[in-house]
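Trainee: Protein chains in written order, with the working numbering: chain B, 930 to 1478; chain C, 16 to 543; chain S, 1496 to 1594; chain A, 8 to 638.
Wrong hints could be hidden among the right ones.
[Stated by the list, open to error] Residues on chain B that point at chain A, a partial pick, calculated with CB under 10 Å:
#1 F986
#2 D1198
#3 F1205
#4 L1209
#5 M1210
#6 F1214
#7 V1219
#8 P1220
#9 H1222
#10 M1223
#11 G1281
#12 V1285
#13 I1287
#14 T1288
#15 A1346
#16 F1417
To be clear, the hints were calculated from the coordinates, so they are not data collected in a lab. For each residue, glycine too, the CB sits at the ideal point set by N, CA and C.
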Amino acid sequence: MNALAVHSLWTTAAEPLNKIPAPKIEYTQLAPVLIVVGAAVLSVLVEAFVPRKGRYFSQLFLSVAALAASFAAVVGLAAGGYGTTKARIAAMGAIAVDGPALFLQGTILLASIVAVFTFAERRLDPADHGHQVDSFAAEAAAVPGGDHEKAAVKAGFTTTEVFPLALFAVAGMLVFPAANDLLTLFIALEVFSLPLYLLCALARRKRLLSQEAALKYFLLGAFSSAFLLFGIALLYGYAGSVSYATIAGVVDGSVSSVNPALADTMGNDALLLIGFALLLMGLLFKVGAVPFHMWTPDVYQGAPTPVTGFMAAATKVAAFGALLRLLYVVLPGLTWDWRPVMWGVAIVTMLGGAVVAITQTDIKRLLAYSSIAHAGFLLAGVIAATPSGISSVLFYLGAYSFVTIGAFAVVTLVRDAGGEATHLSKWAGLGRRSPLVAAVFAVFLLAFAGIPLTSGFSGKFAVFKAAAEGGAGALVVVGVLASAIAAFFYIRVIVLMFFSEPKADGPTVAVPSVLTTLTITTGVVVTLLLGFAPQYFLDLAGQAGVFVR
Amino acid sequence: MSFPLLTATAAVPAVGAILTAAVPAARRTAAKWLALIVSLVTLVLAGIVFARFEPGGDRYQLVESHSWIRDFGVRYELGVDGIGVALIALTALLIPFIVLAGWHDADPLETSSKRWRPTQGFFALILMVEAMVILSFEATDVFLFYILFEAMLIPMYFLIGGFGDRAHSGSDENAAAQRSYAAVKFLLYNLVGGLIMLAAVIGLYTVAGNFSLTEIAEARANGSLEMATSTERWLFLGFFFAFAVKAPLWPLHTWLPNAMGEATAPVAVLITAVVDKVGTFAMLRFCLGLFPEASKWATPAIIVLALISIVYGALVAVGQRDIKRLVAYASISHFGFIIMGIFAMTTQGQSGATLYMVNHGISTAALMLVAGFLITRRGSRLIADYGGVQKVAPVLAGTFLIGGLATLSLPGLAPFVSEFLVLVGTFARYPVAGIVATTGIVLAALYVLVLYQRTMTGPVKEEVRSMPDLRPRELAVVAPLIAVLLFLGVFPKPLTDVVDPAVRHTMSDVQRTDPQPEVPVQNVEAAK
Amino acid sequence: MNPVNYLYLAALLFTIGAVGVLIRRNAIVVFMCVELMLNACNLAFVTFSRMHGNLDGQIVAFFTMVVAAAEVVVGLAIIVSVFRSRHSASVDDAGLMKL
Amino acid sequence: MDNLIALLIAAPLLGAAVLLCGGRRLDKIGHWLGTLLAASSFVIGLVLFADMLGRSADDRAMYQHLFSWIPVGGFQADIAFQLDQLSMTFVLLITGVGTLIHVYSIGYMEHDERRRRFFGYLNLFVAAMLLLVLADNYLLLYFGWEGVGLASYLLIGFWQHKPSAATAAKKAFLVNRVGDIGLSIAIMLMFTTFGTFAFGPVLESAGETSEGKLTAIGLMLLLAACGKSAQVPLQSWLGDAMEGPTPVSALIHAATMVTAGVYLIVRSADIFNAAPDAQLVVTVVGAVTLLFGAIVGCAKDDIKKALAGSTMSQIGYMILAAGLGPIGYAFAIMHLVTHGFFKAGLFLGAGSVMHGMNDEVDMRKYGGLRKYMPVTFVTFGLGYLAIIGFPGLSGFFSKDKIIEAAFAKGGTEGWILGAVTLLGAAITAYYMTRVMLMTFFGEKRWQPDAEGREPHPHESPKSMTIPMVLLAFGSVFAGGVFGIGDRFVTWLEPVTAFEHGHPPISAGAITSATVAVMVIGVGIAYLQYGRRPVPVVAPRGSLLTRAARRDLLQDDFNHAVFVTGGTHLTRSLVYVDHSLVDGVVNGTAAGVGGLSGRLRKLQNGYVRSYAVSMFGGTAVLIAATLLMRAV
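One chain only, chain B, in its complex shape (with noise of 0.2 Å):
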């Protein structure tokens, strides 16, 4: 919703109220964001009114049907040329619809779909009390071990919640990286960033590290928004506006809204400055750079393993969306002021994420870290602050997401009586025992380490690459070392799976529905594909590397 529209809606109060001018809505082009919204509000009644036996499947057709449904609406948009020569700014300034707005809708709700299908999943688990189980809590609000839980157990209760949860979350995600106002920004960042935290809490096994993980993520994500927030305001105070148009306008003094009377506070560059530290540092913690990813790895652990996987590859998308809208629309007069810091933010996320997750135990914290590290080489790309550096960054989220997603869900199936196993220890002589399910997982391995022939090689090269391009030369080499110490961790993995002996209290693997299956063949083939013959989705990431101002 466009302030000016207020204002004039707030002047005009005496007058009749006919006279005030209906705000106009593209609702053509806001048919993602719009369709799923109406689904998670659907899917909420549905919850209300839908007997408990019916819910889940209607809840999965209803969440799968809404995400395809909005995925075509965004081919559709790209296909009439939103993408390039119709990009816009829709509903009256407040979201833009250009291609890379497009690019990340189109990634976040593919990869949506596959992790809702990982959220839907409920074979792993055997069967309790002649129910079907799937990996959220029976109910979430009883508490952990105690007879409620056990009564909710035994009727078959089961959180379907979840399904409007990840709508609402999606929704928000949609929005964030085609967020064209601050104000926009902030409330499609609390959107997505709710439900996630009550997903987080919702796990089935292991509930008090879920409940741990939901409260660290909560506390430090409200401390971060708290912060993006400030920064948001001392921006306005500094441009007079939260629209970017205007902020950039003011940036680059082509726009001029000071008020001369109070110059010596008004657009002073050290509220400008401040505040986009302030807004930076909000968009790094959902990044998850260092130093502002230490929530990382613990909620990654504690959070059920599907959710780990949709946040872990939707959320990155997202932020990294608004990050390069935020740093390429607002701020472009600003770079040499930004390039610096987001080098020194870079290197240390590279390196750290890689070297300290060479000492990790556990599966989904040693992913975690591995996201951090990734979260750095994609700074490299960004900070390259070229059309190809969009692309390169656009192509590296849209292979990454895929193939996290995909890992997850290979974690998932690995499990023992305490559910799933994911100390590595636990995963010493898979290969012997199944050696596909090892076979997928080290591919995903070897995508995460980039080596050639897979997705994670070519996003790599063409993040490096365009930071080389745009003159970043020393950031590529730190990203070669970092790889170099991330291909250690990953290896280790892979000796442990194939080249040590199973142990006999090892893990099973459970043979999982159709649904992970589908998640997980996705990923494998998304990563080959994107491995091999890349070029058509580079080609797309290319003509979507242009935003509109």
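Position chains C, S and A against the provided structure of chain B, taking the given hints into account.
Mentor: Below, chains C, S and A without anything else, positioned relative to chain B:
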């Protein structure tokens, strides 16, 4: 367009690998035969390549070129020059013997589960490596080459770590640990090298804008592509580092003894005789082809390192207790010769180096495979555990000796030709280096003969008393290799004819000409 | 009176909130401190909008309140469930996952 | 006719191939096959010889070009042969003596189950040796050079179950390799200097380059010669080489292979002629070795080792002669041939003695054998007279000429060299007489060996005695045939450009001096070993004697310096490789791991510390941003 011969040569083993891997667990013998047949078909194709290649023709022949990744300026470009042809032939020639020699190396132990199919995996991986190596010899696109250069590490890694030598000292766990250590060491060394090369590859792109070897070379030749001296040197170092790890050049060599020691003999041969050749090949084609000036700038240092490799490798080989590690260090010494020959920048040196790659491959294969047969019989890699084998298994001992004599490059066997060419080529430009390198001749004799004496001669040890002589399968592996060694030893012409023009091209890349003799003798023919 | 003082106040409040987050153990209190930070932001917005003479800031303030409310809902839900299962609302007790 | 040359080599090569690959089924006929092929090679040699005699002296050289061996750029090596008078001499010697020794071996190796392989190796040797002398360029010569080295290695170590044999074989090969460095460097020098290494062009244009270069080449060739011909300082292997079966010692380590060094130098005459310094070094090496070998020969009680010392010394004569230039080349070769006859004869005699004495080699355990094995005694005796230069026998002619030439060198050098050669002659007479007396005269000294088998000395079978007899003929008459009327010199002249040396004193005087010193030597030996009984256990002896028994400590020196030192070097390098080169890498890895462990501690699980890091991070972020603007 014509039949894509080069692609086929690489595709056959690749497809074969997939098929082999798909063979059901119970039918592992079928998998073996399939692998063998595929490798033979590949050999035939390689033969056709060799035949179709005209030494007098263009520099790169049988060229194929398709668009691949436009955004990275990457094309699927294949083409072979004489050097490539020779090395493809070597690879295709060795793989069948490796398969045959490893016939029983991957038979599953009874402890393993139904789904576990090591045999299929073993041969599939070997074929996969063959495919990648062959393709990397054909690639004329730097990026394509780089991708294969890196990707081939993965199957090699599984071959080393997954199928260790069953003849190990100490407990199984201990052996497994050592094996995975060797595998990880192999992978990390080469991966680090590769990643540093990646930085250089990206750098090359930012400078040149594409990856086509031919285009870049042209552009550099006609001056349309200027490269700042420092840039060129950095890029050269990036590339060279990766190749020097792979080759391996002192002091980046320590992964090789571990890898060759822990892997089964056929895999060890695969490492040193086939995969490592990609490194030296790449020095010749990419370092010299892309960065002639930098190559010349770096030559003195590299010659010194090569010399160190030669002497150091040989001396350390003398001190080894483990047969396979000894061969590994011998190879390090030989790679020193190859690299020295390449950077001597003379026709003799570089032709010698190329021949050396081929001959070293064959001779090491002969020696190592026989050593493997020996080791599987006795179940130990320690030299001290043998003695007097020659009395109980004369054929085995004889073939072993011939392999050893080839390793010490005795005239009449192929390696002599290449080694002498390298020496002459080096001597012509760097006399001192040439003279120092000749000490390698003595040291080689030392480690080979000491090895032979300790294992084969003397009174017969109790443990080896009941040792059977070579079986027909094993003889079928060794005999042809020895035949090839002898043939190339007295009649290397077919090979030199193919290699010479390619070398001349390389020489023109670096704008070097052979030093002329001070008293040129015209009437060489007249003397006859 | 110069509105800039309100900005200083806002900054002060924000800092107090932030420090509170860092030093207090009780999850509820920590959370309240976050709320305090949000409200500090609101004050800043309102002040700025007064200085700029446009209403965007005030609009944002309204949105912020809504968001804060939503956060309370979610936050309290989580904190309460944690409290139930651990009988403690101290954030320092939630240390199962580390290293 | 020229195309027969290849056949010379092909015949024995075929033999080697068939015998070594043939397997057990050839055990019955293997030795006959081998002998036949060697003989056939000899016949071909004779045919070519006849053909050669039929032509005028100047165009006797024949060439055969088979195919191009290593054609790379300017580097052209061919498989091509050159058969001139020099080569022909060797061909006849090699195939002739070779055939005889094949025959001898049939009897000598009768009880060895690996006889087939033995003949295979012998054939291999003959082929390689022929290649060596027939090559028309240095690289091909190198081929043959290494080939004979290999054959020698295989044959010395033929009884591989004896560690001593295996070690001796290895030692021989290694020491020869050191010499090979010389040969290969020489070839490289030729290539860089002349752009080729074929005999013709190189030797023709030898004069066109600087003397320094030629001296270098010459010295490198000398190094090679020292290795092959067991000249100081590379002589140490020859003594140990006696571990091989006696026929091997006779053929390879007396008659043919060890003389390859002489061939190399004579073949490269034009180079040496233009490099006087090199020539001087050659003569010095020859002189030193001839004394060295002689002294060693005096002290050894092992009959074969004594003969080995003598071989060394005799080759010293040849090298010395070759060093004298045109005045010496022909005599070097002549002595080489006569030596080929009588030394081979002596070795076969020794072999026959051992054959009769349960392979006992210690002369102190012989004595009075003349009645037990008359044929051996006579043939050995003739060989003995020949080698000590008894007037009229072959040794007399060849050695006397060398001594003359040595004096003819002129100046003090001439006197010194002459004196040395005379002294050598005296010592030769001494130690050979010693051998003779200890073996065939005096009372019998043998006793039961370890298994308590009393040796029953007996004459050897015909297959062994016939070759001995034939060689004895050679050692008696060869000298006269060659020497009288300078036949041999004129025969070789087209190749080695002969010129008459003019010694400061008359030839007659020198001859009488030679005879005189010979008589002295014999006399002393008789006084020591003929008059009084020979102790079975060797007396401690003088310092010199003890040193001489240990090859004048040269071996100990090698062992101390190269073997021990080398072992330490390799050990330390292995350590370095493991802990330093590898350690650096592993250290880095460990370092990163440690860092990781430390950083990991930061992730302490407390929300508030996470918040602190975020807060601090933000502060840094703000500071950095402001700073960037400030600077």
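Trainee: Report the numbers of all earlier hints that the structure fails to satisfy, in ascending order.
Mentor: As far as the earlier hints go, 1, 15 are violated by this structure, in ascending order.
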